[in-house]
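Protein chains in written order, with the numbering used here: chain G, 372 to 633; chain E, 918 to 1185.
None of these hints come from the bench; they were simulated from the model.
Everything hinted at is true.
Derived DEER-like restraints, expressed as beta-carbon distance ranges:
hint	chain 1	residue 1	chain 2	residue 2	range
1	G	A393	E	R950	48 to 54 Å
2	E	P1076	G	G516	35 to 41 Å
3	E	Q930	G	D408	20 to 26 Å
4	E	R1087	G	D495	52 to 58 Å
Interface residues of chain E toward chain G, partial, derived using beta-carbon atoms under 8 Å:
hint	residue
5	E1012
6	P1045
7	V1046
8	L1049
9	D1066
If you want a taste of the chain G side facing chain E, the calculated C-beta under 8 Å gives, among others:
hint	residue
10	R396
11	T463
12	D471
13	C474
14	A530
15	T551
16	A552
Note that the Cβ used here is the ideal one computed from N, Cα and C, for glycine as well.
These are the residues of each chain, in order.
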Amino acid sequence: MLLHSPLDVVEALRGDRLARPAIDRTSAGGLRAMLEDGIYEIIGSERPSTPVVVRASSLRQTSRTTDLASSPQGRLRGVLVSQVLRLLSVGTAIEDFFDDAVCAWRCEVGSPGPIDLLDQLDDDERARLATDVTAHCVTLTRALGVVPSRWMPRSSVRAVQSLAGGDVVLRDVVDLMIGTANDDVASIALFDVTTAPLGDGAERTMRYHALVQALRTSTLPLRTSVFSTATGELWLRDVDHELLARSVDEVLTCVHDQRSHR
Amino acid sequence: MTTLVHRRLVGEQINALLAEGPESSAIVTDDHRQSLTARFRAVASLEHRRLDAWTVEQGGRPAGAFRWSPASARRALGNGALRRVMAQPTASITEAVRDEVPDQMLRCTSGRARPGSLAYWLASSPQPVVGLVIAEAANWAIQLGEIADGVEAPWHVAPSDAYYDVAAARTTLRARRDLVVSRGDGRMIVRVRSGSPGRSAGPGLRADLTVETLADARGVAPLRFIGLWPEAGVCLAVDGTMADLRAGARDLVRTAVARRRHASPIAA
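Just chain G, same shape as in the assembly:
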């Protein structure tokens, strides 16, 4: 399903309440087994000295493409837009998108390392970044609308899954998650924000979020989505076995590529 600038992203994520399937608490074990079997075929009985780490960014970009969002400025923009999403998700009033995002980020990170990149910008670069971040945040704010607290919004939800005895680690951060796993029907919706236009990489990321959350909670999410603040597009997919099986294949391909590059 492809939606162009929906009026309310949160409503789109929740969808038709009467059409939700029963919650699936049994399939995650099968997905884990598929991953374990596939990893064994790739790695065998050999124990690598350091674990193979798979992240959403590992799947987003292949060795044959260049993602503009992964430039230093693009990464800064992405981090700051994520901070704004976190503030919006709990209904915090934002006076200035850029300043507030930088303030929140400085407090969260603490150590100077990642902030150095921002502090090294000259006045012109900083002003350009501020304008850029503000434009992306305006698009996000208009599309997102108000996130009702009853839908239990959680932002920057982290997950880490160890496979093959810790030789392969799947790491993930979902920008926004709503819904609960304690219901009889599936209601968890995953929302990812990117500052780049949507492409194949965004689709893989959507699937990866669904897979890792299924492994983490042993419960299949209802749907997964990605929103581009560059174009205002929302891609939304119901989570089903075909989607998860594709993600398993993509993770295995990523593990294979990383192994062969060592």
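Given chain G, put chain E in place with the hints provided.
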């Protein structure tokens, strides 16, 4: 022999962990307490030391200076918000967190908070930081609330962590606890941690079990001490047996020794 049970973090597994626990647990006597005190006194320290499961897991390596951040504030606020929701079920968790933050700030303006406390830090933080703190605390409270909702036995949010001051040994022991689950006359403790469990997670749990037992006025150990790592989707548990308590106490004393060595490397 010590115990360590490993399960996936799903509702049925947690309930099974709670139901399958031992029927009775060990009791720490005055002799045990005096013996532990003597061991800690033997490890001299120039300053007051505070030991917990984290320091045990880190082998006594000194941690960086503590600073308040959204991540370090989330647990106190999140647990407070969940207690608030239990008392007033009509409120959503995010609303409860939003109410919890100004309450903390009021402690500062009313003079009931000390400098350096969470209340002081929140009161001096700009609005975006407070917003981020609310987001982190809401994450914590929603996660803990979801776990607790799935527990079939009676439970309540722990009013505070467990503390035990070792007499005349300049040592304070602390155990994290988030949920207290009742079973018959006994209790089980659930604590939640971020990240994924490392190789020393078992000793960390046993240290928490020991401190929780020492902090109990009657010295009764919890039937089971359960550690949850929601990010990794796993839980570990240790039983309240004398072997586990002894192992926990041994690790705490070893950590005190290791910490002294780190503090004075030449003497070591």
